[in-house]
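As you go down the protein sequences, you meet chains A, B, C, D, E, F, G and H in turn. For the first sequence, position 3 (counting from the first letter as 1) is numbered 3 according to this note's numbering, and the numbering increases by one without interruption. For the second sequence, position 71 (counting from the first letter as 1) is numbered 71 according to this note's numbering, and the numbering increases by one without interruption. For the third sequence, position 66 (counting from the first letter as 1) is numbered 66 according to this note's numbering, and the numbering increases by one without interruption. For the fourth sequence, position 103 (counting from the first letter as 1) is numbered 103 according to this note's numbering, and the numbering increases by one without interruption. For the fifth sequence, position 63 (counting from the first letter as 1) is numbered 63 according to this note's numbering, and the numbering increases by one without interruption. For the sixth sequence, position 50 (counting from the first letter as 1) is numbered 50 according to this note's numbering, and the numbering increases by one without interruption. For the seventh sequence, position 25 (counting from the first letter as 1) is numbered 25 according to this note's numbering, and the numbering increases by one without interruption. For the eighth sequence, position 140 (counting from the first letter as 1) is numbered 140 according to this note's numbering, and the numbering increases by one without interruption.
Note that these hints are calculated values from the structure, not bench results. Being a predicted model, the structure only gives us computed values, none of them experimental. Note that beta-carbon positions come from the ideal geometry of N, C-alpha and C, so glycine has one too. A portion of the hints provided could be inaccurate.
Said to hold, decoys possible - Some chain E residues judged to face chain F by a derived CB distance under 8 Å, without partners named: (1) ALA71; (2) GLY102; (3) HIS121; (4) VAL126.
Claimed, not checked - Residues of chain C placed beyond 10 Å of chain B at every Cβ, according to the derived structure: (5) GLY68; (6) GLN75; (7) ARG79; (8) GLY108; (9) GLN139; (10) PRO153.
Protein chains: 8
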Amino acid sequence: MAERIWRVYLAGEIHSDWRERIENGAREAGLPIAFSAPVTDHAASDHAGTGTLGEEASPFWRDHMGAGVNAIRTQTLIRDADLVVVRFGDKYRQWNAAFDAGFAAALGKPIVTLHDTELDHALKEVDRAAQATARTAEQVVDVLRYVIEGKLP
Amino acid sequence: MAERIWRVYLAGEIHSDWRERIENGAREAGLPIAFSAPVTDHAASDHAGTGTLGEEASPFWRDHMGAGVNAIRTQTLIRDADLVVVRFGDKYRQWNAAFDAGFAAALGKPIVTLHDTELDHALKEVDRAAQATARTAEQVVDVLRYVIEGKLP
Amino acid sequence: MAERIWRVYLAGEIHSDWRERIENGAREAGLPIAFSAPVTDHAASDHAGTGTLGEEASPFWRDHMGAGVNAIRTQTLIRDADLVVVRFGDKYRQWNAAFDAGFAAALGKPIVTLHDTELDHALKEVDRAAQATARTAEQVVDVLRYVIEGKLP
Amino acid sequence: MAERIWRVYLAGEIHSDWRERIENGAREAGLPIAFSAPVTDHAASDHAGTGTLGEEASPFWRDHMGAGVNAIRTQTLIRDADLVVVRFGDKYRQWNAAFDAGFAAALGKPIVTLHDTELDHALKEVDRAAQATARTAEQVVDVLRYVIEGKLP
Amino acid sequence: MAERIWRVYLAGEIHSDWRERIENGAREAGLPIAFSAPVTDHAASDHAGTGTLGEEASPFWRDHMGAGVNAIRTQTLIRDADLVVVRFGDKYRQWNAAFDAGFAAALGKPIVTLHDTELDHALKEVDRAAQATARTAEQVVDVLRYVIEGKLP
Amino acid sequence: MAERIWRVYLAGEIHSDWRERIENGAREAGLPIAFSAPVTDHAASDHAGTGTLGEEASPFWRDHMGAGVNAIRTQTLIRDADLVVVRFGDKYRQWNAAFDAGFAAALGKPIVTLHDTELDHALKEVDRAAQATARTAEQVVDVLRYVIEGKLP
Amino acid sequence: MAERIWRVYLAGEIHSDWRERIENGAREAGLPIAFSAPVTDHAASDHAGTGTLGEEASPFWRDHMGAGVNAIRTQTLIRDADLVVVRFGDKYRQWNAAFDAGFAAALGKPIVTLHDTELDHALKEVDRAAQATARTAEQVVDVLRYVIEGKLP
Amino acid sequence: MAERIWRVYLAGEIHSDWRERIENGAREAGLPIAFSAPVTDHAASDHAGTGTLGEEASPFWRDHMGAGVNAIRTQTLIRDADLVVVRFGDKYRQWNAAFDAGFAAALGKPIVTLHDTELDHALKEVDRAAQATARTAEQVVDVLRYVIEGKLP
């Protein structure tokens with residue numbers, strides 16, 4: 001009988017290596033996880049609309065086209081996920097990360113947030129909707145190992 | 001036969017008078033709308049947990065308690081709403097506003113965003129999930145009048 | 001105990017008097033119905049976006065803005081309806097009428113279509129998803145009277 | 001771990017080669033997609049009812065039988081899809097394409113429309129409900145590549 | 001604050017006075033219930049299609065039209081009900097009563113069945129899906145009084 | 001890429017060979033279908049409760065226990081099915097077949113009914129909720145072939 | 001425009017006066033709440049089945065009948081509630097209180113638990129699913145006042 | 001064509017060998033079942049939060065953290081299950097078992113309870129929401145064999 005594959009979506013910050021650290025940690029731990037994520041190539045993501053559907057002069061509509069194409073990917077993968085990890089870094093406004101968290105919460109998906117303590121107060125609503133708040137990628141791996149295999153580090 | 005009452009939830013920024021301007025505009029236009037909103041008294045909101053459930057020494061759990069109590073209100077009213085208006089101002093991170101937008105989007109609620117153009121790029125995912133992006137409270141009133149009565153200003 | 005009010009949404013063609021004939025017929029029959037409809041003023045509907053949210057040079061995005069504002073109204077009222085009547089006339093492509101029918105069908109709403117026999121073959125998928133296909137506004141009133149009061153004409 | 005297979009339903013026009021062009025493009029790009037579609041043999045589709053369930057003299061009921069049998073296929077595959085592409089050509093009324101779009105929209109499925117600019121105004125409601133509007137089959141392939149692999153052409 | 005009105009749908013047999021007995025019993029007990037039911041005039045019900053939508057020669061399609069019009073009423077009222085009572089008598093096949101019970105069960109509606117013991121074995125699947133099986137209309141009234149007011153007879 | 005397997009649930013009559021005829025026909029046609037069904041061994045089905053959970057003196061509760069155990073199977077498989085075929089024979093009351101049809105209808109599952117014309121009037125509500133009414137097992141196979149492969153016999 | 005009435009269901013312990021204290025507190029605070037609850041007359045509740053549907057010799061089935069009748073009330077009112085308060089006392093096993101909490105949680109209803117600290121470890125899963133854990137009925141009133149009026153005590 | 005794998009979640013008591021007995025019995029019977037369960041290592045389960053996310057001084061919040069991490073596992077697996085078996089032993093309060101049962105019930109999952117007769121009265125609400133109440137692990141295996149293969153022991 002095939003092992004259950006857990007589907008974990010990694011939402012949020014795209015300017016640090018937290019996804020690689022979680023994916024590497026999970027691989028080293030031998031966890032049966034299929035990770036997914038938004039497109040993390042910032043330049044590609046910003047041109048998702050005009051790069052596929054053609055030129056657009058207005059910045060607002062250019063973003064609108066791009067956000068539509070990106071949403072096909074992100075909303076499909078979030079709906080498909082067993083668990084959504086949402087990372088908030090210290091730069092940028094990252095409203096899309098919070099948007100993804102709200103989207104996941106309304107679908108009843110379990111959420112793990114990942115951020116430093118100085119963001120705690122600003123993220124209290126998002127953390128409350130989560131089942132866990134981690135401070136390091138390693139803690140997320142520990143949560144995944146426990147959830148899937150029932151083992152503590 | 002009773003007129004239909006539209007339920008409109010006003011999410012987001014709590015440090016400017018945009019809610020009053022929309023509510024006043026709707027009243028002057030005679031629109032049948034029952035507005036709702038999060039608790040907009042910042043101090044009360046921050047003490048929602050400890051002010052009702054008792055003291056808590058840890059800042060993280062204090063926020064956690066408060067966010068839980070606030071979520072009873074906000075998530076009930078969003079689920080109940082016909083339309084969610086989400087306002088982003090130029091201060092603070094306002095992740096809860098983006099969270100509310102994601103929550104509403106996953107429930108299939110129509111959304112109107114309200115923010116200045118300099119936030120456009122940062123809010124592109126939220127704007128894409130919305131049916132309209134307004135720049136002024138007056139525009140939101142115009143949208144409400146049109147949606148409810150079919151009349152342009 | 002208050003009488004049940006039936007909510008009936010009248011979708012589709014906006015260039016003939018079929019809505020008035022159904023509403024008049026229902027009123028004369030004393031049926032407890034709250035009718036709703038899209039904005040039927042063609043000019044207003046086409047300017048729903050630019051008339052509320054501001055100018056837009058591109059015809060595509062102008063329509064996009066208008067369709068977003070109109071969708072707030074139509075999708076809310078369709079979700080709210082007990083029954084959706086969809087009228088197809090002999091002019092224009094009326095894809096929005098078929099779109100509304102598909103939207104209502106996926107929500108499990110009962111549908112009554114209203115159109116002439118020469119459109120039967122082109123509308124076969126829509127008619128199949130409907131509980132009834134009527135040829136005249138008077139037949140729709142007869143269906144409503146039967147559904148609500150159990151009386152045949 | 002198995003690669004995610006994306007399920008893409010190709011709705012609409014059956015009289016041009018747009019499906020082949022998308023399927024060929026996706027195959028050449030090596031995209032992991034399982035395409036599905038309505039029955040595109042027009043004659044078979046028109047006889048779906050009488051060809052399986054027996055003769056029927058009335059044209060209306062003949063269409064009704066056929067549309068029922070076709071709906072088993074189309075609605076199952078749309079419910080099953082990650083993404084629905086809807087093509088509108090310049091001939092025929094294609095109400096079933098718009099119906100499918102409305103059906104997909106109410107289920108929260110992402111939609112990509114595919115049509116020429118001269119249909120823009122007539123299709124504004126459908127385009128608004130879509131995440132992207134493409135003009136060529138190649139653009140649809142570009143969107144699919146980006147959505148699945150995060151790469152621009 | 002207004003008293004809660006319970007909505008009770010009375011499905012099934014139309015050839016005995018069980019509905020009147022339940023409605024009278026509930027009225028005498030002063031219970032706040034809004035009862036609803038299918039059209040119980042057998043002749044009208046059989047002509048629901050042709051009496052509203054026009055003549056039809058084929059008996060199968062005549063029934064099909066009638067069943068469609070009746071379904072607008074029955075499925076709307078079942079979706080709207082807090083509780084569905086399903087009565088099986090000793091005559092006729094009453095497949096629509098069992099169909100209504102299955103429909104209500106899949107929607108998570110509580111069901112009370114009402115029938116004599118000689119039908120027990122044949123109705124075991126329906127009774128299992130019900131919260132109670134009553135033998136008399138008076139027992140149904142007793143259940144309603146208990147459910148609404150917490151009082152035993 | 002793996003072929004889509006269609007899941008077809010065969011509900012209703014257990015005293016004739018209609019299931020075998022459909023399954024054989026589908027196999028001969030090479031259709032990729034995973035059939036499922038209730039337990040069709042009448043004696044086993046009647047003892048489903050007492051044969052697994054222990055003795056029970058009362059006939060009503062014996063049936064209740066059995067129906068509960070059978071419901072685990074039937075409702076799981078119906079929820080899992082792409083298509084539900086419901087067969088009504090000329091014997092027994094077969095209320096569970098009609099119950100299954102109602103259950104499937106409320107879940108939005110496509111239904112094909114299979115019965116002789118003399119049952120048409122009694123089954124009009126069930127037939128109306130179905131996408132097709134077949135008279136022979138061979139017609140059901142023809143529908144399945146068309147639905148899956150788009151080919152007429 | 002009518003004030004919003006909040007519907008609050010009070011689940012759990014029936015042997016102390018906590019419901020009265022909450023209802024009195026809410027009335028004194030002038031809060032617009034429609035409270036509901038299971039039948040709290042222990043003797044009536046235990047006879048809910050036999051007192052309405054007739055005698056039953058087996059204790060197991062007697063309870064089964066009673067639980068069915070009670071479930072009509074409790075599940076309807078929980079589905080209808082905006083908020084579910086669940087009280088655990090120090091006596092009895094109160095599995096139905098925990099069952100109600102799980103039922104409410106799966107429906108996405110906000111929950112407030114009410115119990116002493118010595119039950120904390122045993123109730124950790126239920127408390128986690130709740131938005132707040134209160135220790136006194138007065139704290140529940142404070143939460144309700146804040147949620148509805150935005151005011152701290 | 002691949003055999004259907006049934007997903008069975010084993011909720012409740014973690015201090016006896018009932019899970020092993022069911023799993024062994026199912027394996028001996030050759031049943032195609034993928035079993036899942038909460039983490040049954042009591043010590044690990046109690047440290048699920050602090051063992052993964054870091055220290056926490058307060059017992060209440062320590063439990064809260066642990067329950068959150070455990071809920072990621074349990075609620076995912078319950079949502080994923082075809083059938084939930086809930087075991088109540090004679091020790092501890094086991095509110096989480098009853099919570100899981102309520103959660104499963106609201107999702108429409110079939111439930112089998114497993115407990116001794118002396119718990120019958122206290123568990124009547126949970127048993128009523130179940131499709132079967134078993135007294136031994138062997139009976140559960142018999143139910144599983146019947147449900148999957150249609151065979152009595």
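Restraint outcome when E:HIS121 is required to lie within 8 Å of chain F by C-beta distance
holds (6 Å)
Hey, is C:GLY108 genuinely clear of chain B, shortest beta carbon separation above 10 Å?
C:GLY108 clear of chain B: closest Cβ-Cβ about 14 Å, beyond 10 Å.
Given E:ALA71 as an interface hint, is the shortest Cβ-Cβ distance to chain F below 8 Å?
At 6 Å from the nearest chain F Cβ, E:ALA71 passes the 8 Å test, so the hint holds.
Going by Cβ atoms only, is E:VAL126 closer than 8 Å to chain F?
It holds, given that the least Cβ distance between E:VAL126 and chain F is near 5 Å, below 8 Å.
Quick one: work out the minimum CB distance from C:GLN75 to chain B and report holds if it exceeds 10 Å, violated otherwise.
Non-interface label on C:GLN75 violated, nearest chain B Cβ at 7 Å vs cutoff 10 Å.
Over 10 Å to the closest beta carbon of chain B is the bar; see if C:PRO153 clears it.
holds (23 Å)
Verify the interface restraint on E:GLY102: the C-beta must sit less than 8 Å from at least one C-beta of chain F.
holds (3 Å)
Assertion that C:GLN139 lies farther than 10 Å from chain B (Cβ)
Non-interface label stands for C:GLN139: nearest chain B Cβ at 23 Å, farther than 10 Å.
Can we confirm that no CB of chain B comes within 10 Å of the CB of C:ARG79?
Non-interface label fails for C:ARG79: nearest chain B Cβ at 8 Å, not farther than 10 Å.
Mind verifying the non-interface call on C:GLY68? Its CB should be farther than 10 Å from each CB in chain B.
violated (4 Å)
In terms of the numbered hints stated before, the structure departs from hints 5, 6 and 7, listed from lowest to highest.
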